[in-house]
Amino acid sequence: MSSPHKLASRYRRQNRWRLICLAGLAGLLLISLGMDMATGTANYPFLEVLAGLINPGALEDSMRVIVWDVRLPYALMALAVGGSLGLGGAQLQTVLNNPLASPFTLGVAAASTLGASLAIVFEQRMPALPHDVLVPAGAFICALLVTSLIVLLSRAHGGGSDTLVLFGIALLFALEALVWLLQFLADANALEQIVFWSMGNLGRATLSQVALVGGMLSVCFVLAMRRAWALTLLRGGAAHAASLGIQVERLSWRVLIEVSLLTACALAFVGTIGFVGLVGPHIARLLVGEQHRYFLPASVLCGALMLSMASIASKSLIPGLLMPIGIVTALVGVPVLIALILRRRSPA
Amino acid sequence: MSLRIQQLVIRRGKALIVPGLDLAPLPSGTVTALIGPNGAGKSTLIHALAGSLPAHGSVTLDGIDLASLSHDRRCQEVGLLPQTLPQAAGLTVYELLLGGLLTLGVSQESAEHRIEHRLAELGLSHLAMRSMATLSGGQRQMVALAQLLARQPRLLLLDEPSSALDLHWQLAMVEAITRDVRERNSIALLALHDLNLALRCCERIIVLSDGQCAADGAPLDVLDPALLARVYGIEGRIEPCSQGRPVFVLDRLVHHSTP
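In the order they appear, the protein sequences are chains V and R. At position 260 of the first sequence (counting the first as 1) the number is 260 in the numbering used here, and the numbers step up by one without a gap. The numbering used here runs 348 ahead of the 1-based position in the second sequence.
Since the hints were made in silico from the structure, they are not lab data. Beta carbons are placed, not taken as given, at the ideal position from N, Cα and C, and that holds for glycine. Do not take every clue at face value.
[Claimed, not checked] From chain R, some residues computed to sit far from chain V (all C-beta separations above 12 Å):
{"#": "1", "residue": "357"}
{"#": "2", "residue": "408"}
{"#": "3", "residue": "415"}
{"#": "4", "residue": "437"}
{"#": "5", "residue": "447"}
{"#": "6", "residue": "520"}
{"#": "7", "residue": "581"}
{"#": "8", "residue": "586"}
{"#": "9", "residue": "598"}
{"#": "10", "residue": "603"}
[Claimed, not checked] Just the calculated beta-carbon pair ranges, DEER-fashion:
{"#": "11", "chain 1": "R", "residue 1": "465", "chain 2": "V", "residue 2": "174", "range": "53 to 61 Å"}
{"#": "12", "chain 1": "V", "residue 1": "15", "chain 2": "R", "residue 2": "375", "range": "56 to 64 Å"}
{"#": "13", "chain 1": "V", "residue 1": "185", "chain 2": "R", "residue 2": "387", "range": "54 to 62 Å"}
[To be verified] Reference listing, derived: stretches of chain R covered by chain V, where coverage requires no fewer than 3 residues with Cβ under 8 Å from a Cβ of chain V:
{"#": "14", "stretch": "535-547"}
{"#": "15", "stretch": "553-559"}
Turn these sequences into a full structure, and let the hints guide you.
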């Protein structure tokens, strides 16, 4: 047994390279976080912001408020939401065996838009609850109801992942129509709020919301890593994975439920943010391959990095104007996705 | 020590595929071929034995009812090579094999040793670090075989293991299985279409037709012209070749008068 295992050492070398990739992504993420904190309408020097983060007492009051109460939650929310979308998208692409799957496939985004719209339109009739609670709650509940409907429908039908994707697309149109109906009926003020919400915006974030999304992401990440090898084997195809003792159905439902919870929670606070859940995992795949012990963390990091960079862009593309981040991610995400498709070597 | 199948009933949806199968025990250290025409229920039987299809009746391995085992335990005892080839475009061969062993509960060190050994034995070491996406169908089938053998199950179930293999690898495949069965005293059941392959490597042939056992025994006892005509609708014969080995010769279709 003491004979040197040549293959094992080559495999370890490969893993070392992947670890370096992960470390590189984490480094980029820190830089991006710092730049995100330093970008904004008020022009503070980068180093001063950094010093203020380490020692808040040294800052003057106005700057402390901006750095700690506005920019920090904003920047951290970008990481938490981006990471959640990346993790969700990566697992869905594996479980549904579909490179186009993302949290949007399950109708999460469209459903949370509907829930938020409902909350905004009916807000005046329920003055007991504050706006900051009602809208995220509406978005979250609606997203969960719709994804359970999709999951239960396809489960009752007994079909595989294709059925689920088809149901998701069908419901997407219905949800959009309902949102339009609400927009048609809403007064001008509510209409403006709905449109703004559906563009996606990190500006509403508070630190406690960041903690909630971050906590959810951490729990889901730990759960996902515990089944990393099972997910890896699933890439061999359902029949092959089942022959290796993976309980494919059970694994799939668990992933679907967790991903809906995770992404519904993330999107409830920030609105519709597209493409991160789709493109993040694809970049991660190009960097570290599909062994999920590396692919999942890389997807989290790529998602977080993408949204963090989009956040910087949303503040600096038009100086003095904060663009909704959903617009930026879609505009940047589409060319990236097309580039990825074009350089894909073999058909999936 | 053997595999016993008694009163086995298997359905797929509402269709009754195997209406009650009894087989003489499959002893340890033997390779058995499962042959029969398309739709006879070969794959169904294999998958039911592997536990991936529900079945009624009794299947015991070394006296233990397989249905009474936990999922994990059953996966350790019974290994399946499905007809579907593994995909895994984003993985290397080594990763796929490693994952299959680690999820089985094998330690990292032992898994690495087993993979190294199996790939070398099958002559596949040069593929280890290749991406699965770059492999041909036959190579992927051999990787799946390496995976099955590395898991070291007591019962090996193979569903048309030669479907994508060229002549060289067909022989390599049956020899690897025969060696494994001899060395570890395991039991192998192979669903096959190629009668010459079955004649070459199996000490026993079970002929399945409409979910029932049409014949069961030593290859030369089982494969007679009457059976071939009845089960496959062909005229064929088994004859010794110039080296004395029995070979199957296919003559022509039996033409039925259509009603």
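### Query
Which numbered hints does this structure break?
Hints 4, 5, 12, 14, 15 not satisfied by this model.
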